[in-house]
Amino acid sequence: MLQEESDLSLIIAQIVQKLKGSNLYSQLERQAWASLQRPEIKLESLKEDIKEFFKISGWEKKLQNAVYGELSVFPLPSHPAAPPEHLKEPLVYMRKAQGSWEKRILKSLNSMCTELSIPLARKRPVGEQKELLNKWNEMGTDEPDLSLFRPVYAPKDFLEVLINLRNPNYENGDSLSFRTHLGLIQIPLKVKDIPELKECFVELGLNTGQLGIDDSTQVPPELFENEHVRIGQKVLAEQDSAAAQQYIRQGSPTALRAELWALILNISSEPEDVLYYEQLKTNVIQHDLLVDSLIYKDVKLTASNDDYYFVFEDYLYQVLLCFSRDTSVLSHFAYNSASPPKSYIRGKLGLEEYAVFYPPNGVIPFHGFSMYVAPLCFLYHEPSKLYQIFREMYVRFFFRLHSISSHPSGIVSLCLLFETLLQTYLPQLFYHLREIGAQPLRISFKWMVRAFSGYLATDQLLLLWDRILGYNSLEILAVLAAAVFAFRAVNLMEVTSLAAAEAVLADLSTLKVMPLLQIFLFATVT
Amino acid sequence: MWALPVVLRQCLWIMAGKVKWVTDIEKSVLINNFEKRGWVQVTENEDWNFYWMSVQTIRNVFSVETGYRLSDDQIVNHFPNHYELTRKDLMVKNIKRYRKELEKEGSPLAEKDENGKYLYLDFVPVTYMLPADYNLFVEEFRKSPSSTWIMKPCGKAQGKGIFLINKLSQIKKWSRDSKTSSFVSQSNKEAYVISLYINNPLLIGGRKFDLRLYVLVSTYRPLRCYMYKLGFCRFCTVKYTPSTSELDNMFVHLTNVAIQKHGDDYNHIHGGKWMVSNLRLYLESTRGKEVTSKLFDEIHWIIVQSLKAVAPVMNNDKHCFECYGYDIIIDDKLKPWLIEVNASPSLTSSTANDRILKYNLINDTLNIVVPNGEIPDCKWNKSPPKEVLGNYEILYDEELAQGDGADRELRSRQGQSQGPRAGRSRDSGRTVLTTWK
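Protein chains in written order, with this note's numbering: chain A, 1 to 526; chain B, 1001 to 1437.
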């Protein structure tokens, strides 16, 4: 009991520390000072009266939402004496693997830099700055020569690293048994099975109304949809993050989604936020970074060719170029197993005082990175809001999809969860695919790394991301991947090569996500 | 050897039961559809049942000189005087006439607002015929001299011959008083319409787009029309700017694919085309459900009104059906405008997705107008069962609308098609029946 209490007070102290540096703190302070003018605030009961005032005016709610936001990324309870690396990643071998992966990426980036004789960063001459400012809203029409640039890495390169990951303390012996894991990931992490997933995703059950199922045209809206929309509007009126997160587990109505996501992610567009975005834009105008070309290339290769997202090409540049320069993103490395790459001012290699993080936000984009932003363009058409939402989505969720960690929502766990589900519940299919050299993870990996963006139809993708926000977990990606295989099992059983298996699973654009998930979790005989 | 004539006779007998088709439009999306039904290709001089003809051919078929008579088992894909709807000047004329008629009979549809603008029937941008209405146009132009106008030749398509003007001097040669006019008044070919240019189009991703919607009409009296659910938005590849310096840049202003595909940034994977369902999702997410539903209801409304406007003058020949390509632009106040109606929407495919869409369009069209793929009898009631509609949905059925109104409540759940009733009753609070008759 005492231990719990001291744990709790430690957590509270840490969160208070975090929030003290935020906008909200100064706003609350100002509000408190201003409230002294009010007649109901009396000197004798100052503390109580101000608290009451905050409650009535909605400021308490804002504080609650901020605390809730902090808790959602708060690292799992750990020993009070644990060093900061443990908060990033408790397992040593994982940390080491992430470290060497990072070295490889940086080496690749540096060698590209040397080969092409392009500096990692340079200041733009004034003429170029003016030109870029004029073209800010249509950078897509700019066609710089990108033929020499290659993406620093693609998901399949990352998969190879994960396949070779081993726990040096774990020896599973040479003899095969029914417990042997037949998939590509050979790491002993704990993953949930279907009974545990059913408990976790209880709101997706057969007896609970869902958007994505119970709002189809054959179902009269009085049965579920109308009431659900009404509740959604109420949640928005209350401005309660936690309630919104619970609500969205059953899906969000299209008209309310933009606001609900902003509420859950605790994004409000204050003038300071718009100003911050403008500042980032100025940074982009003044300095050119090598990663900018990588971003251009990525957008041109992926989103520009996508039937759903090509329209928003210019927004993607406006978001991603600013994102690279945003040093506030560095704070998420406290709970990310990855660390920002360091670079040194020319000629001062190894001297710590001349080290800078490169890119400034510490995130090197890979092939397909822009697809994290693309679906958000359907919801937000104002660049600074779009930017804030993307940044928050990244530091809460997307970073886990491309860093090596033992977190249950990390990509390693997701891969293992996917393979385990398949092996346990669709053993015949799994075995067949393995026999023909088509390990299922080789096909589903790219879906999970991109959180299915670019593979599903946008309306289905948004329903899926609703649940990611609602459950504050990425495990649903692995479950969906397994459900897709289950759905196409009959065709997959007939293929005889990896290429044929890829072909069966090449087009997911007609899939309806929620029925697939529901059937897999709640209607399959286990 | 003696078996051969028997086999031949049997073949001829089998072929006799198959639909015989002709076309003068060599497009695979058509031909593949005919062949998959096992129909037999013939030439136009032989006995044919189904002729998919170009607009030039339809003129000959129904012209007084040729004295062509179609028999009961022959159907064609155009109405004889479709140009009442599909020529830009005649469409405007017919709509203006229709509005005046409604006004005369005191119909609530023709209600105007305090500025004299029609509340429900103002869906075509202000348009004048040149040179006939030149002076009227000049009067209107002088009222707002900073406005931009778009000049379109009456008889052309695919964006040919279209240009923008913002100064009277640019259209001097259409002035009847002009001494330098080399204009020949009789020649229909030189007729132009000039419309107020919509310089505040709704932009998405900073780009201008228009909507292409397919509408099938099987009969005008009673009016029965279907809307294809899979319409699409055509985006310009260049950022939109109302700046006068870009008036000559057709890549900014005209959305026709025939023009856009010559631009530097034209992409052959998506072809600058966006499904209408994406537009709906985007608008609902960013603007809300009510205004989006209202927009789509209004779009259905203007299509039906345009058909009603020409229905009285249309030769409702029972051998005919027609699949129109409607071009609609949405402005930044989410008001849709009817730009034009095409009698021969392009069947060329610019991308793989496009090919699939047009193939399915023809397929669903044939399923509706040639029931069961059998030899047609143009005396049938033209009421196909619901199952064959495919991606079409009923836009307006005059017979059903005049039947019991109770049906409509049930059908309203089907998404959009019975449409603007919701809009009308929101506006006026009047009962549904009056507005739709």
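In short, the hints are calculated from the structure, not lab data. Please note: incorrect hints may appear among the correct ones.
Unchecked claim - Here are the simulated DSSO-like pairs of lysine-lysine, each with C-alpha atoms no more than 27 angstroms apart in a straight line:
hint	chain 1	residue 1	chain 2	residue 2
1	A	Lys-342	B	Lys-1294
2	A	Lys-385	B	Lys-1333
3	B	Lys-1294	B	Lys-1318
4	B	Lys-1386	A	Lys-234
5	A	Lys-512	B	Lys-1333
6	A	Lys-385	B	Lys-1289
Cross-check of the supplied hints:
Pair hint A/Lys-342 plus B/Lys-1294 does not hold up; C-alpha atoms about 54 angstroms apart against a cutoff of 27 angstroms. Annotation: proposed proximity of A/Lys-385 to B/Lys-1333 holds, straight-line Cα distance about 22 angstroms (limit 27 angstroms). Restraint check for B/Lys-1294 and B/Lys-1318: not satisfied, since their Cα atoms lie roughly 35 angstroms apart, outside the 27 angstroms limit. This hinted pair does not check out: B/Lys-1386 and A/Lys-234 have alpha carbons roughly 40 angstroms apart, beyond 27 angstroms.
Distance restraint check for A/Lys-512 and B/Lys-1333: the Cα-Cα separation of roughly 33 angstroms exceeds the 27 angstroms cut-off, and the hinted pair is therefore not satisfied. Distance check on the hinted pair: A/Lys-385 and B/Lys-1289 sit about 21 angstroms apart at the alpha-carbon level, within 27 angstroms; holds.
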